[in-house]
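Using the numbering used here, you'd call the opening residue of the sequence shown number 1 and step up by one each time.
Mixed in with the good hints there might be a few duds.
Capping the alpha-carbon separation at 25 Å, the derived lysine-lysine pairs in DSS-like fashion look like this [what the hints assert, rightly or not]:
1) Lys473 to Lys446
2) Lys406 to Lys457
3) Lys115 to Lys77
4) Lys244 to Lys187
5) Lys367 to Lys326
6) Lys222 to Lys326
7) Lys343 to Lys256
8) Lys55 to Lys187
9) Lys77 to Lys55
10) Lys187 to Lys77
11) Lys357 to Lys383
Honestly, the hints are just simulated from the structure, not real lab data.
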Amino acid sequence: MSKTYETVIGLEVHVELATKTKIFCGCSTEFGGAPNTHTCPVCTGMPGSLPVLNKAVVEKAIAVGLATNCNITRNCKFDRKNYFYPDNPQNYQISQLYYPICRDGKVEIEVEGKKKFVRIHEIHMEEDAGKLVHDPFTDSSLVDFNRSGVPLIEIVSEPDMRSAEEVIAYLEKLRLIIQYLGASDCKLNEGSMRADVNLSVRELGSEKFGTRTETKNLNSFKAIARAIENERERQIDLIESGEKVIQETRRWDDTKEYSYPMRSKEDAQDYRYFPDPDLVPIIISDEWMESIRAAQPELRDEKRIRYREEYDIPEYDIDIITGSKKMADIFEETISLGASPKKVSNWLMVETMRLMKEHELDADELKFSAKNLAALIDLVEAKTINGTVAKEVFEKIFTDDIDPEKYVEENGLKTVNDSGALTKTIEEIVAANPKSVEDYKSGKEKAIGFLVGQTMKAMQGKADPGEVNRILKEILSK
Numbered sequence: 001m002s003k004t005y006e007t008v009i010g011l012e013v014h015v016e017l018a019t020k021t022k023i024f025c026g027c028s029t030e031f032g033g034a035p036n037t038h039t040c041p042v043c044t045g046m047p048g049s050l051p052v053l054n055k056a057v058v059e060k061a062i063a064v065g066l067a068t069n070c071n072i073t074r075n076c077k078f079d080r081k082n083y084f085y086p087d088n089p090q091n092y093q094i095s096q097l098y099y100p101i102c103r104d105g106k107v108e109i110e111v112e113g114k115k116k117f118v119r120i121h122e123i124h125m126e127e128d129a130g131k132l133v134h135d136p137f138t139d140s141s142l143v144d145f146n147r148s149g150v151p152l153i154e155i156v157s158e159p160d161m162r163s164a165e166e167v168i169a170y171l172e173k174l175r176l177i178i179q180y181l182g183a184s185d186c187k188l189n190e191g192s193m194r195a196d197v198n199l200s201v202r203e204l205g206s207e208k209f210g211t212r213t214e215t216k217n218l219n220s221f222k223a224i225a226r227a228i229e230n231e232r233e234r235q236i237d238l239i240e241s242g243e244k245v246i247q248e249t250r251r252w253d254d255t256k257e258y259s260y261p262m263r264s265k266e267d268a269q270d271y272r273y274f275p276d277p278d279l280v281p282i283i284i285s286d287e288w289m290e291s292i293r294a295a296q297p298e299l300r301d302e303k304r305i306r307y308r309e310e311y312d313i314p315e316y317d318i319d320i321i322t323g324s325k326k327m328a329d330i331f332e333e334t335i336s337l338g339a340s341p342k343k344v345s346n347w348l349m350v351e352t353m354r355l356m357k358e359h360e361l362d363a364d365e366l367k368f369s370a371k372n373l374a375a376l377i378d379l380v381e382a383k384t385i386n387g388t389v390a391k392e393v394f395e396k397i398f399t400d401d402i403d404p405e406k407y408v409e410e411n412g413l414k415t416v417n418d419s420g421a422l423t424k425t426i427e428e429i430v431a432a433n434p435k436s437v438e439d440y441k442s443g444k445e446k447a448i449g450f451l452v453g454q455t456m457k458a459m460q461g462k463a464d465p466g467e468v469n470r471i472l473k474e475i476l477s478k
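Please work from the sequences and hints to get the whole structure.
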């Protein structure tokens, strides 16, 4: 009889914090600068340079801890983690081992209608290392220290997840919390959110954990899901064939959909941690804590509840809109400018989603302003333009954030409200299409659609379809 196995997964999630400067120096944290241009003696590990802690890093770490139901360590400090690697200029990393800033948190996830908590063991602050660039043509490695000293928090979960779906739900939840807080943009493709997967398998019903491996180099949710399935199958195959799973760190190659061992963790490396002698302990006062707590924004879960109570829009729309802080901000700001929630929701759910797909954009990359969307909705409401023209104008708002009133005026897109001119055009269309008129009069209601279309074409789309329908019916009933 074949055995049934359970997957046991815990995550270490590294998040780059969205501060203007690095954790221990004044260098820029901006992504994408020329190599080694965002550097100074501190973040390149020059002898005699001294770190100075960036207060904003601590505040963002506390904010994430509060939002994930953690206990905040009111007296915490930094430690040195000693190891040699070419991208680590000091030969140590400043991190937190003994007194991490946050502990014992939890977040609720939902998979296939079932809710559960994933516990957070701790969140600690640390500095990022540099980046090695391997050049296959010269067979050499180059190092870029721009990322060295960029502030990170590492969110370490308990081994509470049992499937790739639960892992993705947990990461999505963390990403939204952190984005709503403005603590990081969490762009996996830029490395500002990175996840290492600790995974083991055991027979279903067993209390004892299996031997775990750690998989690194995962920079998309799809890659994480694929790596989990691959590692689960690999471990089960080893156990089934009577071999042992080796405790090791593995690197995932997403193009080959294969992982390979990087280093064994059989004997855990001795990092010789000790308190950093150059940094004083961090004392978090009641006043400081309360000021951070008071500044916490409304998070997605609270927003969803409020939207249900305040706005008459479908549950599906609520989920999509609150699924991105950027979209939720546009939605609320457009309403605050006087547009109806239903109309705003429709523009976001239909035309915005269509254009995002067409331009291959995420919601976080939306560039248009609430002001111009509200102005467009006003133009439609006032019947200054019709629905067809509105879609054309919105495409320009979406790509270039143009002023719709100005654009409509300059391009002569206003609806023709001269009923005399409209009646004259419709009479000409009716006279030119006796077959359609005959069909309509003999009970074929759909025939009027052709006549409406011909009228709209003649009016270059600048007529109100409702008004065209009304006049047509009036003429045809004579």
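Earlier hints that do not hold, by number = Numbers 3, 4, 7, 10, 11, in rising order.
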